[in-house]
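Residue numbers (my numbering), protein chains in the order written: chain A, 1 to 268; chain B, 1 to 293; chain C, 1 to 271.
Simulated from the structure, these hints should not be mistaken for lab results.
We put the beta carbon where it would ideally sit given N, CA and C, even for glycine.
Incorrect hints may have been included.
Covered stretches of chain C, as calculated for chain B (at least 3 residues, CB under 8 Å) [what the hints assert, rightly or not]:
| no. | region |
| --- | --- |
| 1 | 178–186 |
| 2 | 220–234 |
Calculated cross-link-like contacts (lysine-lysine; reagent style DSSO-like; alpha-carbon spacing at most 27 Å) [stated by the list, open to error]:
| no. | chain 1 | residue 1 | chain 2 | residue 2 |
| --- | --- | --- | --- | --- |
| 3 | A | 95 | C | 56 |
| 4 | A | 176 | C | 66 |
| 5 | B | 6 | A | 25 |
| 6 | A | 95 | C | 63 |
| 7 | A | 95 | C | 66 |
| 8 | B | 9 | A | 25 |
| 9 | C | 56 | B | 175 |
| 10 | C | 27 | A | 31 |
| 11 | A | 31 | C | 63 |
From the derived model, a few chain A residues whose C-beta atoms are all more than 10 Å from chain C [stated by the list, open to error]:
| no. | residue |
| --- | --- |
| 12 | 22 |
| 13 | 31 |
| 14 | 177 |
| 15 | 256 |
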Amino acid sequence: MTFLHFLGLTFGVFVTLGTLSFLYKDNPFYKIAEHLVVGVSAGYFVIILWHNGLVPKLFQKLADGDWYYGFMNASHWEYIIPAILGVMMFTRFSKDYSWLSRWPMALYIGISAGLAIPLEMSTKVNKQLHAMMVEIDWVNFTGHDGFNLLDITSGLSQVLIMIGTMSAIIYFFFSKEHTGAFGGIAKLGIWVLMIGFGASFGFTVMARISLFINRLQDTFAWGNTAFDATNQNYNAGFPIVFWCFVAFVVGYIIYEIVSHLRRPASAS
Amino acid sequence: METFEKLMKLDRRWVYLLLIIVCVWAYASDFTVPILVEPEVAVIYNRIDSLPEGSVVLVAIDYDPNNLAELHPMTYAIVEHCWRKKVKTIFTSLSQNGPGMADQAIRDITDSLSRDHEYNGIEFKGREIVNGVDYCFLGYKPYYAIVILGMGQAFKLPFPTDYYGTPLDSVPMMKDIINYGQVDLVVDISGGNITDAWIAYGQSRFGFPLALGLTGVMTAQYYPFLGSGQVIGIMGGLLGAAQYEELADNPGRAKDGMRVQLPAHIVIIIFIIMGNVGYFANRRRLKKEGGAV
Amino acid sequence: MRRQLPFALVFIFGLFMIFQFFVPHEKSEAAYEFLLDWIIVIGIFALALGIWSLFKVSVEKIKLGKEGAQYSYLTLVGLYLMVAFGFTQQTGEGWGLYFLWLVLCSACIVGLMRLRAATNSGEKRMWGMVSIGLLIAAVLVAIFDDAWAFFLYTPEGLENSMFRAFFDYVMMPILATMFSLLAFYIASAAYRAFRARNVLASLLLLAALLVMSRFNPFIPGAEYVAKASNWLMNVPNLAAQRAIVVGIGLGIVATALKVILGIERGYMGKG
């Protein structure tokens with residue numbers, strides 16, 4: 001960990017706290033972080049598209065051609081066609097020629113739609129319904145190890161999955177009114193769906209907290225690095241930068257508290 | 001009753017502050033949470049652990065920094081497991097900022113594996129991980145569904161060169177690896193729709209074994225694919241990553257972070273209970289007063 | 001012609017891809033690989049559209065002096081810096097005048113934006129001269145400094161330490177933190193909005209509480225809670241999600257068919 005890398009870590013913590021300050025209120029530090037990341041992300045993507053996309057997929061294919069022949073003498077001259085189609089996408093910005101951008105878009109949409117039909121039907125419909133049509137394990141109907149209702153491979157679980165799936169699918173059929181027996185099954189379906197959504201929510205809570213935990217880990221790691229004397233590149237600058245930054249943050253918090261207290265009661 | 005009403009109208013910033021205090025306290029405290037391993041994660045670990053030396057695993061790092069909290073630890077755990085078993089890896093990155101994540105992970109893990117370690121009582125000697133021999137990083141291409149289909153024909157169709165510009169024909173480990181047919185396992189670590197494409201366009205068409213590493217938000221949605229056998233295992237969120245680290249005896253950020261998950265979850269459960277107690281108390285009061293609920 | 005040709009393209013290529021799935025003949029496979037390759041090249045240009053849009057919006061914001069226009073300078077400088085890092089790399093031990101070159105180019109960009117935003121001819125002349133001066137200085141530094149070089153055709157820029165540093169210390173922390181705000185929003189939502197108003201909401205909350213408690217080893221009956229949660233995920237949750245997946249699959253197939261047959265035309269836009 002060199003001093004420059006430690007400065008980079010410090011900047012990382014600065015933008016972390018700047019972004020988190022949005023929880024209190026919108027402020028210049030948050031705006032700085034937000035606008036900076038938009039520009040840097042766009043620039044990053046330009047480089048990735050160039051080095052990983054255009055160069056190997058287009059320029060290298062046409063490299064053995066000559067520009068004054070329009071690369072028609074290249075061994076892979078056919079790549080000029082997708083290049084022209086790609087450039088036609090930029091006509092979207094023109095009022096008179098934006099209709100040209102529909103051609104490459106039509107190509108992409110047609111190919112994607114054609115690919116989607118057999119594969120999505122197979123994956124999301126056929127294989128899912130096939131997985132439900134299994135022979136019920138009547139021998140181990142209540143569990144493989146004696147009476148165990150929480151056994152997910154028991155016959156009872158298979159029956160519950162089938163009933164749950166069919167009732168939830170019936171719930172989504174809105175062409176018929178949900179009344180009578182049909183309505184009863186649809187009601188069971190919505191109950192099953194609610195359990196599914198509840199499970200999703202439970203996982204979502206963990207997911208969201210994880211995102212904050214990572215920021216905590218990085219901030220603590222930065223603090224530990226500032227005083228890690230075992231680091232071969234350690235110097236007095238590390239703790240100086242650390243304490244300057246802490247002083248800046250504490251100073252800003254005090255400034256906000258004082259501003260808040262000085263504000264007239266009607267304005268708060 | 002007025003207390004409940006005041007509590008219900010509490011400024012949300014106090015809620016944020018309480019959560020921050022609980023999380024910081026939990027992280028600063030020194031305690032560990034025992035990790036119970038779920039079968040969905042154990043299947044993935046056992047599959048990789050049973051692979052002989054020289055096998056090939058394709059690790060698709062299809063996430064952005066938004067999801068790095070949950071997915072980066074999975075990447076580290078799986079790739080380190082593969083490399084210490086001398087299983088070769090092919091990396092792809094079908095998300096916009098994925099190449100940077102993959103590049104960082106590769107640098108960190110090659111550095112880590114240069115030192116001796118002990119995992120599950122077995123000593124592993126530090127070794128140099130060589131690009132082109134132990135791994136090949138293919139990089140990024142747009143339109144992930146098309147790329148997944150293209151790789152099924154030949155890896156060099158969508159990726160004529162690797163991320164560093166080396167033609168794939170010149171990469172030593174890719175000489176005998178044409179497409180998914182030579183790959184023993186595909187692990188997709190993803191935070192978005194790319195997983196759907198791997199299942200529909202990859203596994204469905206080419207039939208390779210597919211394991212998933214997902215964010216917590218997505219995990220529940222992919223259980224049908226686990227149930228139908230289209231996917232062999234799922235690592236769900238930070239807990240999934242922690243379970244893999246537990247199995248691999250390679251504690252990392254995921255296990256470290258679980259001690260914050262526990263008190264944070266307890267706080268949120270308390271919030272939900274308080275909110276509902278206040279709601280029912282308020283409803284009862286309004287019913288008594290004969291008002292609308 | 002302007003609309004008929006695109007519809008014809010969608011129909012022809014859509015049908016071909018469906019046909020190709022069932023006909024793995026050599027010629028069909030060759031055409032299929034051809035098309036996959038072409039689409040990736042077209043996709044690269046399509047994605048560049050978004051970046052051009054961002055550039056245009058930022059420049060417009062500065063030109064019109066809208067609120068928050070000063071932050072657009074940051075966006076443009078950030079964009080420029082990453083592109084510069086990605087196309088340059090050290091050729092020796094040190095960086096030479098690289099950082100001076102970066103500062104000159106960044107200042108030139110700011111000057112050009114001020115030129116665009118200038119309202120009177122005097123201001124325009126001043127900013128024009130400043131921008132040209134900075135540009136000439138930057139070009140001279142680039143020509144005469146040997147410590148670094150441009151690499152447009154080879155990806156040395158991807159291993160530029162500044163490129164990696166900006167990814168590791170700017171992009172990663174900010175993007176990760178932006179999404180970490182959601183942790184607080186979910187806590188606030190849990191407190192204010194998650195009410196067991198009826199049977200359905202109660203069912204949802206109970207399932208959520210069970211799943212949230214599954215990794216807590218300190219509650220009574222923790223082992224059974226974990227097993228019950230595992231059963232909930234693999235039986236009722238699986239059933240619910242399977243129904244949703246089937247519905248999504250049928251929806252995708254129906255929409256794709258409508259697109260191929262020209263019934264769904266939203267993607268064409270107006271005109």
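Tested hints:
no. : hint           : in the structure
1   : 178–186        : holds (count 6)
2   : 220–234        : holds (count 4)
3   : A:95 <-> C:56  : 16 Å, holds
4   : A:176 <-> C:66 : 53 Å, violated
5   : B:6 <-> A:25   : 22 Å, holds
6   : A:95 <-> C:63  : 22 Å, holds
7   : A:95 <-> C:66  : 25 Å, holds
8   : B:9 <-> A:25   : 18 Å, holds
9   : C:56 <-> B:175 : 45 Å, violated
10  : C:27 <-> A:31  : 55 Å, violated
11  : A:31 <-> C:63  : 19 Å, holds
12  : 22             : 6 Å, violated
13  : 31             : 5 Å, violated
14  : 177            : 19 Å, holds
15  : 256            : 18 Å, holds
Hint violations for this structure: numbers 4, 9, 10, 12, 13, all remaining hints satisfied.
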